[in-house]
Structure formats: C-alpha cells, structure tokens
Amino acid sequence: MADFLLELLCEEIPARMQQGARGELEKLFRRELDAAGVGSDTITVWSTPRRLALIARGLPLETKAVSEEAKGPPVGAPDQAVDGFCRKNGVTRGELETRDVKGRATYFAVINKPGQAVSDLLAAAIPAIIRDFSWPKSMRWGEASISPESLKWVRPLTGIVALLDGEIVPVVMEGMASGRETMGHRFHSSGPVTIKNADDFADALANAYVLVDHEKRAGIIRDGARKAAEAAGLNVIEDEGLVVENAGLTEWPVPLLGRFDEAFLEVPPEVIQLTARVNQKYFVCEDAEGKLANAFICTANIAASDPAVVVDGNRKVLAARLADARFFWELDQKTTLAQHAQKLERITFHEKLGTVADKVDRVAKLASWLVFDAKEPNGDHNLTRQAAELCKADLVTEMVGEFPELQGLMGGYYAEKEGLPSEVADAIRDHYKPVGQGDHVPTAPTTVAVSLADKLDNLLSFFKIDILPTGSKDPFALRRAALSCLRLVQANGLKLSLDTVVHAWDGQPRPDLASKLADFLVDRLAVQLRDEGVRHDYINASRDWDGATDMRIDRIEARARALSAFLETDDGANLLAGYKRAANILKKEAWSDDVEKPLSYTPEEAEMELAEALALANPKATDCVKYERFEDAMAALATLRSAVDRFFDNVVVNAPEQDKRAARLALLARFRNAVHRVADFSRIEG
Amino acid sequence: MGRLAMTADATAATQPLGAGPRDPSRSFQDMILTLHDFWSQAGCVILQPYDMRMGAGTFHPATTLRALGPEPWNAAFVQPCRRPTDGRYGENPNRLQHYYQYQVILKPSPADIQDLYLGSLRAIGIDPLRHDIRFVEDDWESPTLGAWGLGWEVWCDGMEVTQFTYFQQMGGFDCKPVAGELTYGLERLAMYIQGVDKVYDLDFNGRGTSYGEVFLENERQMSKWNFEVAETGALFDLFNKAEAECRNALESGVPIAAYEQAIEASHIFNLLQARGVISVQERASYMGRVRDLARGSCERYAEQMAPRWAEAYPGWSLV
Chain A
0 MADFLLELLC EEIPARMQQG ARGELEKLFR RELDAAGVGS DTITVWSTPR
50 RLALIARGLP LETKAVSEEA KGPPVGAPDQ AVDGFCRKNG VTRGELETRD
100 VKGRATYFAV INKPGQAVSD LLAAAIPAII RDFSWPKSMR WGEASISPES
150 LKWVRPLTGI VALLDGEIVP VVMEGMASGR ETMGHRFHSS GPVTIKNADD
200 FADALANAYV LVDHEKRAGI IRDGARKAAE AAGLNVIEDE GLVVENAGLT
250 EWPVPLLGRF DEAFLEVPPE VIQLTARVNQ KYFVCEDAEG KLANAFICTA
300 NIAASDPAVV VDGNRKVLAA RLADARFFWE LDQKTTLAQH AQKLERITFH
350 EKLGTVADKV DRVAKLASWL VFDAKEPNGD HNLTRQAAEL CKADLVTEMV
400 GEFPELQGLM GGYYAEKEGL PSEVADAIRD HYKPVGQGDH VPTAPTTVAV
450 SLADKLDNLL SFFKIDILPT GSKDPFALRR AALSCLRLVQ ANGLKLSLDT
500 VVHAWDGQPR PDLASKLADF LVDRLAVQLR DEGVRHDYIN ASRDWDGATD
550 MRIDRIEARA RALSAFLETD DGANLLAGYK RAANILKKEA WSDDVEKPLS
600 YTPEEAEMEL AEALALANPK ATDCVKYERF EDAMAALATL RSAVDRFFDN
650 VVVNAPEQDK RAARLALLAR FRNAVHRVAD FSRIEG
Chain B
0 MGRLAMTADA TAATQPLGAG PRDPSRSFQD MILTLHDFWS QAGCVILQPY
50 DMRMGAGTFH PATTLRALGP EPWNAAFVQP CRRPTDGRYG ENPNRLQHYY
100 QYQVILKPSP ADIQDLYLGS LRAIGIDPLR HDIRFVEDDW ESPTLGAWGL
150 GWEVWCDGME VTQFTYFQQM GGFDCKPVAG ELTYGLERLA MYIQGVDKVY
200 DLDFNGRGTS YGEVFLENER QMSKWNFEVA ETGALFDLFN KAEAECRNAL
250 ESGVPIAAYE QAIEASHIFN LLQARGVISV QERASYMGRV RDLARGSCER
300 YAEQMAPRWA EAYPGWSLV
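From first to last, the protein sequence lines are chains A and B.
Just so we're aligned: the first sequence equals residues 0 to 685 in numbering that gives the first Met the number 0.
Just so we're aligned: the second sequence equals residues 0 to 318 in numbering that gives the first Met the number 0.
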C-alpha cells in the first residue's frame, strides 16, 4: 500500500473559491480512481492561497489484472457485423471464441487487461484532473496564451508536486514537469522546498512558514483573535465567515490587535463593523458591557519584524474608511428623511412598475388601510402612514449607497436622530424583517403594518405584470416575500381577507389577483407546514369557506392544523375510513339527494342511531366551524365514529326496496355533507 | 513684513540645488524615478505621459491598443488621471481630481511577473517582512473598452497600493497572448512610504518642496472649474464634435486617431457629469455612446492590424 501526494502550486487563489476547489479536487481524483477501479483508504484535501493539496492513503502500487468478456453477434452473422465487433474490441477474428447462448452459437471477445502500475495511472490522471477542473472564473496567461486552447486556471498554475510513496509521478504539461520541489512562504522562505513524501509534506512546508491545513490556520486565527482581544480586556465579536476568509488569505496567519480613534465610535456600531469586515477583513471587539470597542484585529500573513508597523498601517487604512463613514453619517443627517424620500422619484423600482416613490405611495396607502380600515394589526394610523412614507428614504443616503446591506437600519438611526417618534424609527429600521428563517418577526403594530404592506406590494405588483417565480428562478425574491407575509400573519394573529387587501391595494375588486395571491401564499404555507408534518392535502382540504375559496390564510392554516391533529387520533382515522366508504358508495350510485323524508319503513337500530347522532353532531360542527373553532368541530365529528361503524356493520344500503335504499343513501349523503362542512375530506389522499 | 517672513520660511524649508542621493522613501519624484529605473532595467519601453486628458492609465493606447495582437510589448509610464467628480477643492486629505498612476504593461505576461512586481516594491523601500503584502482577489471589467481581466488588488498593511490584472479580453477580442497590467497608485504609495496622512504634505523632490506647493492651487481652481464654471453648452458641443470626428476617423481607416477622439469624448462626458447636467436617464445613453466609440476604435484597430499580425505569426488569428 502506498500514499500519494499531489500539490498544485499557483498564484493567489481567491479566498472565497478555496472550499469549492478542495471539493472539486477530491471529486475529480475519486473519478479517476473509480474509473481505474482503484480504492484508497482516506483522501485529505487542503488549500492555502497559493496551493491545493491532496493526500490519498492506502493506494495499491499496481492494479489487478482483469479479464473482460464482450458478447458479440451470433455465428453466421454478416461479416460486416462481426468485423465491426472485432474492431470495437481490438481483437482479430481468429481470437474470437464461440459460446452457446440459449442454444445459439455466439461470438465472444475475451479482453485481458494486464495489471497497471498505479504510478502510470496517476501520471495520466493528473493532467485530466487539471484540464477538467472547474473554477467559478478562470483565465489564460503567459506565452502559451497566444493560443486560445491554452490551459485555463483560476490564476496562473506554476508547479506540480506528485509523489507516490516518495517517488515522483512524472507529468509533463503546459511547459511544467512534476517534481518534488515546491515553494514555501512568499517572504519567509527562499528557494525551493523539497518534499520527501506525503508524510513529510505538511512538516516541510511548516518549516517554510506555510501551514497547509486550512483548518489549522482557521484555528490559529480564531484562537489568536480571541486571545488578542482578551489581552486588551475585550471580547472579539465572533465571525466564522471572517475566520475562513482570513484563513484563505494567509499561509502563516498572525492575528494582531490595533486601536482606532475613539471619536469614530459616534458612528453606529453596525457601520464600523461592516466597514472593518467587508473592506478590510478585520474582526471587531466589544467591551464587557457588550458595547463596540475602538479596537480591530487584522490577520497578517507574516511574522513581522515589527508588528507595530503592520498594525499602524492597518490602523491608518481603517481610519480613512471610518472617516469616510463618519462623513456620510454627518452628511446624511443634514437632510431630513422626508427630503431624502423625495429623491426616490429618481430611482426606478422596475421598468413596468414605476419609481421607488410610486412604490412608497402604494405601501403607505396599504399600510394605512391595514391599521385604519382592517385594524389588522390595530395600530396608530398617523404613525403608520409616516413610517411607511419614510421607510425607503435611506436608499438615497450616502451611507446606504456605500453599504446597501444597511438599508432600514440607517433609516432607523436617522429617524431617531431627527427626533421622530420611536415607533416610526423602529418601523423604518425593521420593516424588511423577517428576512431569513431564524430572523426576528416584528410585533410592534406600526412595524408589522409597514413590513406587511411592503411585502404584499412586492407580490401584488409583480403578479399584476405577470411575473411569478418559475422553477429555481425567483429574481425578485417573491417566495421569500410570501414566506415573510405568512410569518407576520402567524406571529401577530392577523385575520386578513386577501380579497379585501387586494381591493384596497388596487382601488377596485380584483378577484383574479386575489386568487393568484392566495394560491401563492397557500403554496408557501404548504412548504412551511410540511416541515411540521402537516400534509399538503390537509391544506387542500381546508381551502373552501362558505361555498367559495377561503381568502383568509390564517383560517386555512388553523383548519389544516386541526385536521392534521384530528386525523392522527383513532377517532379521526376511523371517521375518515367511514367517510371514504360513504363517499365511494354515493359516487358509485351517483347519488346526491340528502333530503330527510319521513320513513316509510321501520329503520334498523344502527340506522336510527346514525340519524340521531348526525342530527346532534351536524349543527354543532357547523356552528363551531362558523366561529372558527375547528378543533371543536372535529370533536363533534368524532362523536359520529361509532354510529358510522355500526351502520356499515349492520345496515345494507343497497336494499332491494327502493324507498329503503333511497332513505339510506340520503342518510349517507347527509353524513358526507356534514363532514364536508368541517373540511373537504374528498381532497385527502391515501 | 509678514509676507517677507513667509518667504523666508519657505526658502528655509527648501534645500538648495545641487547633487544629492536619490531617496524613494523621502521623495515622490525619486519614487517615480526608481520605478522607471526598475522597469527600464527589466526591459520595458519607458514612455512619457500621453498628452490627453483621461480617467485612468488603462485608457492610454500603449495599454489598450497594445494589449491587442500577438506582438510582445513591455512598457512603463506615468499617466496623469483626471477624475472631475473626485475633486474636493484641495480640502480632502486624499481625494484629487488630478493624480498620477504608474502603469506597467507586460505582454505576454511573464512567468515571474509577481516576483518582478515585488522586486519593484522592494526597490522603492517596501520590505515585505516589515510590511504585510497580500494579493486579494479583484477582477476588472470595462464595458467601455469591451475588456475584462482577472487579478488582484495588492494590499500593503491593508491598503490597496496596486491593481494587478491579467487582461483576458480587449475591444471584445480574446487577448492572444494575455498581457499583465500593473497600476500603482503613486500618491497613496508615497503617502505610505513617507508616512504622511495628507497628500499635500508629501515631499515632492526630497528637498522640502511639497505636493501641495506643486498642486494645491491647481486642485482648488480645477475643482471650481469642473463643478461650477465649465460652460456646459460648449461641453455638449465638444462631446458631439469628438463623437463625429471619431466616426470620421474610423471611416477614413485611421483607428488610432479615432481612439483619441473616444478618449476625448469620455473625458468631456466626465466633465458633464461633474457639472451635474446629465440626468439619470441620459447618463446610460451617453455611456453607451462613449462605449460605442472606444470599443469601435479598438475593434477597427484590431481588424485593420490583424492581417499583418497573422502574417508575422503564422497560425494566429484575431478571433
């Protein structure tokens, strides 16, 4: 058994691509092993900014000899077919063997593949891996690029180390020959570093100031940042994305703490953190009370002769960035949000949907309607209107221009600074929420109204111009907007009828838009509830209300949940079985009449019992549904279970007497209709 | 009396003429001269600045037009850059409407281009064991020139000091071979090396003449002209004339002359932007017009040169 090392040396690989590249290298290497039928015990992949490395342990030195047979045409087939078969398998006609296949003499070619040295196999595999490697963006370079067919790589590829059990696997491609020499750290090491074998690789590089294991570098950055902060009496604000990014930017990471001018702390902490992180890849720290401190941690790629020089350089750059941020912060405040909002007329929201100012008008109108007319949520009309009118104003501020991810947040800060009511500032800040799965859902009425109006306007605006997500394409994030609507409705117990919402939004009844919106939201609801075990068909069974499609999503959800809980009980499962039996009989007989007529015969006991149980349960269930007490409605249905079971056990529905048959079918029809009033059981699958 | 005293002070700060050692760490111009020496010794043609106003060294024909075609081309030059909207009347410590870029173009990109570049940093006094030098992903794209490339911004202790790009396409054509382009931000680099926080405090000549003495009044007046004074009617007129002349030159088969008019139109457009007379809607249309001129000139140049290139490099073709 042998260990194999492959290292591909190149110019600096973007940090964000390294994880994918490790996966790609392993995938392609496994592809080559599988194709050759070679197994390995373990495969490890590492990356630094300047290299990708793979170590495969437990490879055989030779592949096994194999003998394969290929079945050919029957004896006596036309020469053309037989010759073709020979050509395909690389044998001569004389080498063919004849075997009996189901009584028919048939040609067989026996192909003996001798065992192959794994070194040869790898020598052929490495160029294939390099050529087939897929990068998010790749380039050509150097003299070879005079030809359009020259190798493409993420940045120029400069060297290949390939060692099987310490022996060079010879590869020549693109003017490079594989060997055992690589490069150490760009500045701490000079001249080539010689690698003995796979075991020696990481140590030899570590001696040349390269930590090839990315996890190890991440660990040093994580711990080093923590310790540097502690030494300064602070806590580092943890940021795993930043740890990984810095590990992808360094071969010899050295976290260093620096301080910036305290005066910059007047700028909102989110701005400082974002500037430090996005532009400079620095960590920031907080003090014991959780307040942002005037400290940053940069990760150098050298053990600097004088770390203070590096820290000071970084401090200056950060200071310049923070000075810009403070300039924006102060400049933006010279204009009120209302004045900023006027500039929204210049920003196109969508070519067919007017400007952002137009959108803000619609949102303000709808948010007002929600709190004033629908009273869902029940909030202050004036505050809501003001918040909605200002909610997008920060989009034209310098700060949000620089850091789009601060939208909302900056508006909130500026509103506060302007002295606007806190409800208004909060609503401006939080009206994009909830954004992701775990995001906090607003509950303050003003915020809820603006947030919901904003998202409903997105959905309705795009639906109106027939833009709906298709497959994986959802460029306007409408699915996310719908999910956010649901979560707002759920967290705040809103009872909104979508037809009235759409009427208010469009100024006229728009049943077409309302049903598009309802269908879209119900689809999202189904996805959301599926994770909680509420089946899609239970939702379908809950979509009718009073003879039409239910336009209240909260009610559909409540009913589906009650139905799901009910059908999990024995009573529920049995009742469903009884319902199905009844429905099948009625369907087979094409029967719909459910009118109760005086009986012309003496009913059987079970028949009487069902009629009486139904007379009790039906009005009760109907009443409960009317007041949206779905669990109680289901409980009322549950009382029918034993009567239904006994009816089917003891009563013959298809009695020879026509009057008996008619009366019994009508009884079943009444039972079915009673069930349907609670939920449409016919939509339940299985 | 006061004026006399000031004059006396100024002369005191400026050392007398006479031979002295070159010191790139204390003199802006010595830094430039050191880069010239370095790249000259590396084999580059050292050009003088192009005599037209442009927004970036990449616009220089020695970069754009020479990036096309198979012939080797190694050149280095300083190019003054004009960015009217970046003017701050001399009041911002590092924003200028006129500044210098040092531009190196190496075609084909040599195998040791990174080492060469690092050597140039050492030459101007940046020791990479004292300063943290990093190559951080930064791709480049110029729709105006129909060009894109991959590369990095080079960081020195967290500060971007150079843009490093492998040109992949220019004028819509694949670069065959690929050229490496290095663009040093000279003022930034000098501020770093000299340890000053304001660009105007840079020592220009190593003898006490400051960058401010050379350029501050220029920044004040040019900012005022760019933002407030320039007669917009004349600018619109100039734009249209440059556009018409570009087309005239293209039709007459002199694409280098056409390209100059594209550079001119691009700068006039930037001036109009600074004057704030181009609306958001118009902006896209003007940018499209500039793009048509610049890209059209590059394309025509490449097409016109292609037969000669193909003759000198059998097997080579433009597309």
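Worth flagging that the hints you see were computed from the coordinates, not collected in a lab.
In this text, a Cβ means the ideal position worked out from N, Cα and C, and glycines have one as well.
A portion of the hints provided could be inaccurate.
[Said to hold, decoys possible] Calculated pairs, DMTMM-like style, for lysine to aspartate or glutamate (alpha carbon to alpha carbon, straight line, at most 25 Å):
#1 A:K151 x B:D111
#2 A:K342 x B:E227
#3 A:K136 x B:E159
#4 A:K136 x B:E136
#5 A:K315 x B:E159
#6 A:K342 x B:D126
#7 A:K315 x B:D137
#8 A:K596 x A:D644
#9 A:K333 x B:E90
#10 A:K151 x B:D126
#11 A:K333 x B:D138
#12 A:K151 x B:E70
#13 A:K136 x B:D138
#14 B:K197 x A:D644
#15 A:K315 x B:E281
#16 A:K151 x B:D196
#17 A:K333 x B:E227
#18 A:K315 x B:D126
#19 A:K315 x B:D111
#20 A:K342 x B:E140
#21 A:K151 x B:D236
#22 A:K136 x B:E140
[As the list claims (entries may be wrong)] So, partial list: chain B residues that the calculated Cβ filter (under 10 Å) puts toward chain A:
#23 G124
#24 L128
#25 D236
[What the hints assert, rightly or not] Label pairs and their in silico Cβ distance ranges:
#26 B:D138 x A:Q341: 30 to 38 Å
#27 B:D138 x A:Q527: 34 to 42 Å
#28 B:R282 x A:H380: 33 to 41 Å
#29 B:S251 x A:Q18: 49 to 57 Å
#30 B:E281 x A:K416: 30 to 38 Å
#31 B:E281 x A:M175: 51 to 59 Å
#32 B:F235 x A:Q527: 52 to 60 Å
#33 B:R307 x A:G165: 49 to 57 Å
#34 B:D22 x A:M175: 40 to 48 Å
#35 B:S284 x A:Q507: 34 to 42 Å
#36 B:R219 x A:H187: 40 to 48 Å
#37 B:F235 x A:E288: 28 to 36 Å
#38 B:L46 x A:K416: 34 to 42 Å
The hints, checked one at a time:
1. A:K151 x B:D111: holds, 18 Å
2. A:K342 x B:E227: holds, 22 Å
3. A:K136 x B:E159: The given pair, whose Cα atoms are some 22 Å apart, holds under the 25 Å limit.
4. A:K136 x B:E136: holds, 11 Å
5. A:K315 x B:E159: holds, 12 Å
6. A:K342 x B:D126: violated, 49 Å
7. A:K315 x B:D137: holds, 22 Å
8. A:K596 x A:D644: holds, 23 Å
9. A:K333 x B:E90: With Cα atoms ~19 Å apart, K333 (chain A) and E90 (chain B) stay inside 25 Å; holds.
10. A:K151 x B:D126: Since the Cα atoms of K151 (chain A) and D126 (chain B) sit roughly 33 Å apart, the hinted pair is violated (cutoff 25 Å).
11. A:K333 x B:D138: violated, 36 Å
12. A:K151 x B:E70: holds, 21 Å
13. A:K136 x B:D138: OK: K136 (chain A) and D138 (chain B) at ~10 Å, within 25 Å.
14. B:K197 x A:D644: violated, 92 Å
15. A:K315 x B:E281: violated, 39 Å
16. A:K151 x B:D196: Cα-Cα ~42 Å, so violated.
17. A:K333 x B:E227: Given that 25 Å is the threshold and the Cα spacing comes to 22 Å, the pair holds.
18. A:K315 x B:D126: Holds, at roughly 18 Å.
19. A:K315 x B:D111: Violated, at about 31 Å.
20. A:K342 x B:E140: violated, 30 Å
21. A:K151 x B:D236: This hinted pair is violated, its Cα atoms lying about 46 Å apart.
22. A:K136 x B:E140: holds, 13 Å
23. G124: violated, 13 Å
24. L128: Holds - the Cβ of L128 (chain B) comes within 10 Å of chain A, reaching about 5 Å at its closest.
25. D236: violated, 27 Å
26. B:D138 x A:Q341: 30 to 38 Å: Check passed, 37 Å falls within 30 to 38 Å.
27. B:D138 x A:Q527: 34 to 42 Å: holds, 39 Å
28. B:R282 x A:H380: 33 to 41 Å: holds, 40 Å
29. B:S251 x A:Q18: 49 to 57 Å: Given about 54 Å between the Cβ atoms, the range holds.
30. B:E281 x A:K416: 30 to 38 Å: Because 35 Å falls inside the window, the suggested range holds.
31. B:E281 x A:M175: 51 to 59 Å: Between E281 (chain B) and M175 (chain A), where Cβ atoms are some 52 Å apart, the hint holds.
32. B:F235 x A:Q527: 52 to 60 Å: holds, 57 Å
33. B:R307 x A:G165: 49 to 57 Å: Between R307 (chain B) and G165 (chain A), where Cβ atoms are some 53 Å apart, the hint holds.
34. B:D22 x A:M175: 40 to 48 Å: holds, 41 Å
35. B:S284 x A:Q507: 34 to 42 Å: holds, 37 Å
36. B:R219 x A:H187: 40 to 48 Å: holds, 47 Å
37. B:F235 x A:E288: 28 to 36 Å: Between F235 (chain B) and E288 (chain A), where Cβ atoms are some 59 Å apart, the hint is violated.
38. B:L46 x A:K416: 34 to 42 Å: For L46 (chain B) and K416 (chain A) the Cβ distance comes to about 52 Å; the hint is violated.
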